Amino acid sequence: MHGFANPARFLRLARWMTPLLLVTGLVLVAGSLAWGLFYAPADRLMGETVRILYIHVPSAWLGMGGWTTIAIASLVELVWRHPLATIAARAAAVPGAVFTAICLATGSIWGRPTWGTWWVWDGRLTSMLVLLFLYFAYLALANAAQKDGIGAGSRVTAIFGLVGAINVPIINRSVVWWNSLHQPASITMGKSAIDPAFLWPLLICALGFSLLFGGVVLARMRAILADFQAEARLRRRAQRELATGRAMSSVEGAAT
Amino acid sequence: MIWPILKRDVVLLLGGGRRGGALLPILFFLAVAMLYPFAVGPDAKLLARTGGGVVWVAALLAAILPLDRLVEPDLEAGFFDQWALRGLAEEWLCAVRIFAHWLCFAVPLMLATPIAAVLLGLSGEQLLTLELGLLAGTPGLAALGVAVAAVTAGLRGGAALAGLLILPLAVPLLIFGAGSLSTGGEGGLALTAAASLVLVALCPFAAGAALRAARE
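Protein chains in written order, with my numbering: chain A, 71 to 326; chain B, 208 to 423.
Bound-form chain A, shown alone (with noise of 0.2 Å):
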């Protein structure tokens, strides 16, 4: 794993790999898209409405990941003090907050003809708005954090992404402990509540987003990366026109 503490090693890496996959992601999402949409039997008691699930729950996977991504790449910054692991959970809070925001959405469209109410304060939805208030936190903590300096505030970022991991666990199981109006989870380990003729194109769906939340963490780990490199560079360049300025103001002031 510290082969990759060398920022350059991963630069390499994430060169050909963030346009691969997002690229693949793209090509994924949208012919599982219209597959979904297209393609794909209306469902006997939801009809027509039921192809938002195709966005709704690789979303609402993805939110969820976005934090356990945070959650352990914080405490790999934590345990391990990797330098990488704090701008890739920094890198993952802003796709993950847009997937939960997405999730948020698309479900109260979904619950609107089905449920006939846009919101209804139940166990998992609530969980999940509490998810991206605490994205919003850990966003404004990292901002400012990383403006009074970065070693301190990312370790103090770190902890907060770890309490906040507490959240991940309770969203996965209200379903369970909440039994209300949401479905518990169709989709487990190994079985499968879905017909297939659903199921294939949302599993594709789902891989072809997290290809893209992939991609987009490595873009803005790049980003992050570079932004770092460009500070250091003006450092740098200040410090050498001082030191060529003053050496030139010695100059004059000798022969003069």
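Please keep in mind that the hints were generated in silico from the structure rather than gathered at the bench. Bear in mind that the values here come from a model prediction, so they are computed numbers and not experimental data. Where is the CB? At the ideal position from N, CA and C, for every residue including glycine. Any given hint might turn out to be false.
[Unchecked claim] Computed footprint of chain B on chain A; a stretch qualifies when at least three of its residues, placed anywhere within it, have a C-beta under 8 Å from a C-beta of chain B:
{"no.": "1", "region": "76-90"}
{"no.": "2", "region": "226-237"}
[To be verified] So the derived label-pair ranges between C-beta atoms look like this:
{"no.": "3", "chain 1": "A", "residue 1": "Val149", "chain 2": "B", "residue 2": "Val405", "range": "17 to 23 Å"}
{"no.": "4", "chain 1": "A", "residue 1": "Val97", "chain 2": "B", "residue 2": "Leu253", "range": "54 to 60 Å"}
{"no.": "5", "chain 1": "B", "residue 1": "Leu234", "chain 2": "A", "residue 2": "Asn76", "range": "31 to 37 Å"}
{"no.": "6", "chain 1": "B", "residue 1": "Met208", "chain 2": "A", "residue 2": "Gln299", "range": "46 to 52 Å"}
{"no.": "7", "chain 1": "B", "residue 1": "Gln289", "chain 2": "A", "residue 2": "Trp188", "range": "51 to 57 Å"}
{"no.": "8", "chain 1": "B", "residue 1": "Ser330", "chain 2": "A", "residue 2": "Pro183", "range": "37 to 43 Å"}
{"no.": "9", "chain 1": "A", "residue 1": "Gln299", "chain 2": "B", "residue 2": "Asp288", "range": "52 to 58 Å"}
{"no.": "10", "chain 1": "B", "residue 1": "Leu213", "chain 2": "A", "residue 2": "Trp188", "range": "49 to 55 Å"}
{"no.": "11", "chain 1": "B", "residue 1": "Gly394", "chain 2": "A", "residue 2": "Arg79", "range": "52 to 58 Å"}
{"no.": "12", "chain 1": "B", "residue 1": "Arg422", "chain 2": "A", "residue 2": "Arg85", "range": "34 to 40 Å"}
[Stated by the list, open to error] Over the 10 Å line for every Cβ pair with chain A, so calculated as not near, a few chain B residues:
{"no.": "13", "residue": "Met208"}
{"no.": "14", "residue": "Lys214"}
{"no.": "15", "residue": "Val217"}
{"no.": "16", "residue": "Phe235"}
{"no.": "17", "residue": "Asp250"}
{"no.": "18", "residue": "Ala284"}
{"no.": "19", "residue": "Gly331"}
{"no.": "20", "residue": "Leu334"}
{"no.": "21", "residue": "Leu362"}
{"no.": "22", "residue": "Leu409"}
Could you slot chain B onto chain A? The hints should help.
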């Protein structure tokens, strides 16, 4: 060694002066409880039904006020560094600080709750459930407060940030605490205490790690 630290923490957190004192959050708590009937109207039945939840929300909002003076002044003054030099871990200092914060914030809050209950027209039975719920939930709230204060100490705009950080984390306490009111305390109180205990167990370590990180 713990006892003098606790005494000092309590004196500093209770006292007024530069640090603001313990009375301010309590007055704020009562002000929020007073505001609610103005907003929804003085319908006694509605107030009695929703008043308990309003007290919980007011308690959470009041818990934001002392956050910026909970850790930061001592961090700046080098209090934690001095004790670390003497070999006392930050986790111990944070655990003591959590207890001191609970004494100075939660105990006055519970004493002020009957006043809020009268303002909102709660029955004696509801008040009892509410007080028991606060007794179970406030240790967790105090622990969370110290952890969030330690995480945001020394950051610019830390006070506003602390409010944003603590509210989503306090949601389980609010759900179980306010939820216990509708069932008359059955089940909800035990869950509130459980959530609170988890926070009390975790937060000293999170706060201690944050204090050590701030030193680097």
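Hint check results:
no.	hint	result
1	76-90	violated (count 0)
2	226-237	holds (count 8)
3	A:Val149 <-> B:Val405: 17 to 23 Å	holds, 22 Å
4	A:Val97 <-> B:Leu253: 54 to 60 Å	holds, 56 Å
5	B:Leu234 <-> A:Asn76: 31 to 37 Å	violated, 56 Å
6	B:Met208 <-> A:Gln299: 46 to 52 Å	holds, 48 Å
7	B:Gln289 <-> A:Trp188: 51 to 57 Å	holds, 55 Å
8	B:Ser330 <-> A:Pro183: 37 to 43 Å	holds, 42 Å
9	A:Gln299 <-> B:Asp288: 52 to 58 Å	violated, 34 Å
10	B:Leu213 <-> A:Trp188: 49 to 55 Å	holds, 50 Å
11	B:Gly394 <-> A:Arg79: 52 to 58 Å	holds, 54 Å
12	B:Arg422 <-> A:Arg85: 34 to 40 Å	holds, 37 Å
13	Met208	holds, 26 Å
14	Lys214	holds, 29 Å
15	Val217	holds, 26 Å
16	Phe235	holds, 22 Å
17	Asp250	holds, 22 Å
18	Ala284	holds, 18 Å
19	Gly331	holds, 28 Å
20	Leu334	holds, 25 Å
21	Leu362	violated, 5 Å
22	Leu409	violated, 7 Å
Hint compliance for this structure: hints 1, 5, 9, 21 and 22 are broken, all remaining hints hold.
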